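Same order as they appear, the protein sequences are chains B and G.
Read in order, the letters of the first sequence are residues 1 to 554 in the numbering used here.
Read in order, the letters of the second sequence are residues 1001 to 1487 in the numbering used here.
Hints in this document: simulated from the structure, not taken from any laboratory.
Remember, it's a predicted structure, so these values are computed and weren't measured experimentally.
Heads up, some of the hints might be wrong.
[Stated by the list, open to error] Restricting the straight-line Cα-Cα distance to at most 25 Å, the calculated cross-link-like pairs of lysine to aspartate or glutamate (DMTMM-like) are:
# : chain 1 : residue 1 : chain 2 : residue 2
1 : G       : K1158     : G       : E1133
2 : B       : K119      : G       : E1362
3 : B       : K321      : B       : E462
4 : B       : K119      : G       : D1355
5 : B       : K119      : B       : E475
6 : G       : K1158     : G       : E1362
[What the hints assert, rightly or not] Coverage of chain G stretches by chain B, computed from C-beta distances (three or more under 8 Å per stretch; other residues unrestricted):
# : stretch
7 : 1377–1386
8 : 1394–1403
Cβ atoms here follow ideal geometry from the backbone N, Cα and C, with glycine treated the same way.
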Amino acid sequence: MDYSDHILSSIVALPAAAALVLLGTGLLLNFIGLRSLPEIVWRTIGIGVTLVTFGLVVVSLAFGFDPEVLGFQFVEVVGSGNRLGAGMRFGIDGIALCFMASTAGLVPIAMMASMREVKGSVRTWVITCLFLETSLLGLFISVNFLSFIFFWATSLLPILLWMGRWGGVGRARAASRMWTIESIGLAGLLFVAFVLREASLDQLGVVTFDLVASSGASGVSLLDVSVRELDQGWLFFVLAVSLGTRLPLVPLHFWLPAAHAAAPTGLSVLLATGFVQGAALGILRYALPLFPDAAIAAGPALSVVGIVALVYASLIALVQKELKRLVAYTCVGYAGFAVFGISTLNVHGLTGAVVQLLTHGVATAALFILIGTLAFRRGTTDVAAFGGLAKPMPVCAFFFAVMVFSLIGLPLLGGFVGDLFVLLGSLETRRELSVVALMAMVVAASYLLWVQRRIFLGPVDEPANRGLIDLNRIERTLLLAMTIPIVFVGVYPNPILRRVEPAVLEILNQMDLRSVSKLPTDSDGESEDEGSVGIEVVHLTIDLGSDDMGRGER
Amino acid sequence: MNPAHVVAVGALSVLAFDLFSRSQSKPACKPGDGDLARANALSGIRLGSVAVFALAAGLAVSRRADAMLDDFSLFAVAFVLLSGFLILSLSLTHFGMARSRPAEPIALVLFSLAGMVSAIHSEHLLGLMLALELAWLPVVALISIDSRRLSSSESSLKAFFAHVFASIIFAHGAAFVFAATGSLDFSSLNSESVARPMLFDVGVTLIVVGLLARAVVAPFHPWSPDVHEGAPSFVTAHIVMALQATTFFVLLRIFHVLAPGEIAERLANLLAVLGCLGLLWGHAMALVQVGLRRLVGWLGVGQAGFFALALVETTSEGGSALLLALFAAGVSAVGVLAILSSLSHHERACEQVGDLSGMMQESPIRAGLLALFLLSLAGFPGTLGFVARVEILSALEHGGHRVLLVVGLAATVLALTAVGRPLLVMLRTAAGESAKSRALSNEQLVLALCAAAILYFGIAPVFRIEGVADILFDSIEAAVASLRVAQ
């Protein structure tokens, strides 16, 4: 087998294969009556595998990925069509690459952050983490709707196991809620799949869920299926709601605060990043190109939903007394802001949404780790229990401040880039709402700053807080590893933008090709001359990536 | 030689062997008799298994020699054989624990299997009725095998009444059809113009209802959860995998024989209504069950609703979807029952959902397998149950039944929520000292086979892995194609 032809599947299969080996080893040791290996061995192997996976992602994809190419790269097409229309269709674009690298990098961090909380059954936990990594990465590389659903569903099981087995107080209820809402989301995805299957069979004569046309006899893809404008509306609605359950989109968010409150630190890290990013990718990869007219029509409504989510989550966060729930509402709010960016349907907005999901994901993940360290030292996560921690824990205060500043969009930090692009996008197509969005961001910033002040500034009132020990070496390393990309993206975002923009362009071009109505180009809804939408998009991209001279010819 | 004869002879051989061994071990009151009984039990089981394998050989010979079996019958008989093998393997646990002589129960299982094989072959309504009697009556006796438990006797009685009800309905239907057409052959159902169409329509409807009543389709299901609770695991497995499937095989054949027309459409509508009823009722009731076995029973009622929906589109993709779904549901249910059997025969009883608490910690492999089987029953992606559900729902969408598709997906949400409860309970931390136990070797065999089938056939189609999966899907296609040819 030529490795270069199967880079993606090899990377994704690596953690699962390692998990199976660990499972087999455990069974073998049990069978021959030997004692299980020490916990540290299982942990080291698990973290080692995830680090190798991250290394492979960085080396194989980040350096082998051509940012000049539109569409999917490293495409793997294995096997011929079958009745189900499913199949091994893998490929990545710039968006998936960024999400993949982010998740692959955060899994070892999540595992290391969770080591203190996982007591007992360490081998099972390591296997759970490895399967979770495979399913999350599989979600990003699937270019077949049915295999996307497969990874979507299978990523849920390790999360439930992790939460249910090693979670904190209220984990049963949180897991139950999550399971129920995810079941509804899954049913919605399946419904859309059945309708698309039938449309594909009717129009193409074959069942296909592939986004990339196979080289075989059929040579067709799901993008060759045209869905009637009438049907697009409710199909887009069902798909958006299904994906929105995981994003999570207000009012489908109710499971997330409870889940974060009950989840161990490492799981919260992945819930805030890979889990959410998978849902966002579903919207970008499937909902927009497959149902472009509905997406254009629903744009204003989605914008409103996004803004309402940000305002609502910010206001709810203001009254939270528990830190994890507070940060969970931050996730809800910024997911709404990402939806607002996506709803603008232009290069700025979509690029901003992706960058925002990346940077805010990392920032909130870091906040969860910091809260985990506070909880470990202080035994509580109540906001009221803290105050003036900057004195005993200056390094912790520093990292907390960096993450909060990134979340509120301080220049030179990653969050600023995402927020800026979303607002630029909204100025082009949703000018009125962009003012509201700006105000919502101020509300969001206010509660984050309040929390920062409440926990770290002021006098140390509680005696128990005086003797708190600052972050240890491992914790500092983990947080430094998360701070570096945030600062890097804030200072020099072009490497990310160069990879994200072509993917965004491709999505918008697909929408333009398939839609009857035109993509919005300015706030008055006036369109350019015929067929100009794609060209305009390209010019906007060139403005953004000023260091990239070659792409103007595309 | 008919394969059913092979099984019947196998059953008689078991009885004869038992008679012989009893006469050899006359002084039955001495210490150590338990060992002898167990040895006899094992011998009986082995003999039973040999009889089943003999059936397979007889089947092959028969098919090759005179082409008496079409592809559909071949598939159905192979299905019944497989279920017979799994059930016999599972029954070892019961006889090992109960320390009872297994010959009569094994013979009853084999007689029941013989009845099923005959029913699959049958092309005559009276013959079919007799075959179904032969398949059912031993099962009614088997349900009450654990006579010390009140629930066992009670559920046996309920199953008996359900059987009698179904038989009466079916008999009346056959009589009406005879009155209308003058024949009891299946071919009479294909009559496009009959002298007394009203009688014919009523007769056909009664025949179908009589069969649906045996197939646990709502509202004819109330006995099923009780039987799950009262009967030993291997008997329940026999009912769920073999008996229910046989009824649907017969229904499938009848629907293919039936001439297309008004009555066929009415029956399709009836099936759609009953299917939706079963789906929602079964899965909704599963949500609130405390007993594990009753939960599986109610999930089975929901599954029967899915099977009924597949019959709505019998003539297109529904037939092959139904065959796959029967296989998926059967294997999953047998897997669940094998786990429950393996948990219940040790010190700790495992009858309630709450009894699973801490299982992930104490027996992680069995917990994982139970999760797999339950998820397959609920149609979770990555399992065979999902593939089967996709096939059925695709067939419904293809046939333009979007409402049924929505109901099916809603029922899937209910099913997933219902199985979510035991899954989450398993993840709880064990309260006290864990009792170390492991599944017996016969249970391990059943579990391994069921898990391998669910995973392989669940994942292979999603990733287009060619191989054994194609054999299954091709044989299903061939089976349905042979029915169409017969039509």
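Hint check:
A C-alpha spacing of about 16 Å is found between K1158 of chain G and E1133 of chain G, which places the hinted pair at or below 25 Å, so the restraint holds. A hinted pair counts as satisfied when its Cα atoms are at most 25 Å apart, and K119 of chain B with E1362 of chain G qualifies at roughly 15 Å. Between K321 of chain B and E462 of chain B, the direct Cα distance comes to roughly 17 Å. Compliance with the 25 Å bound is thereby established for this hinted pair. Annotation: proposed proximity of K119 of chain B to D1355 of chain G holds, straight-line Cα distance about 23 Å (limit 25 Å).
About 19 Å separates the Cα atoms of K119 of chain B and E475 of chain B, which keeps this hinted pair within 25 Å; it holds. Taken as a hint, the K1158 of chain G and E1362 of chain G pair is broken in the structure, with Cα atoms around 37 Å apart against an allowance of 25 Å. By the rule of at least three residues with a Cβ nearer than 8 Å to a Cβ of chain B, the coverage given for the stretch 1377–1386 of chain G holds, with 3 such residues. Coverage of the stretch 1394–1403 of chain G by chain B holds in this model, with 3 residues showing a Cβ closer than 8 Å to a Cβ of that chain against a need of three.
Checked against the numbered hints above, the structure breaks only hint 6 and satisfies the rest.
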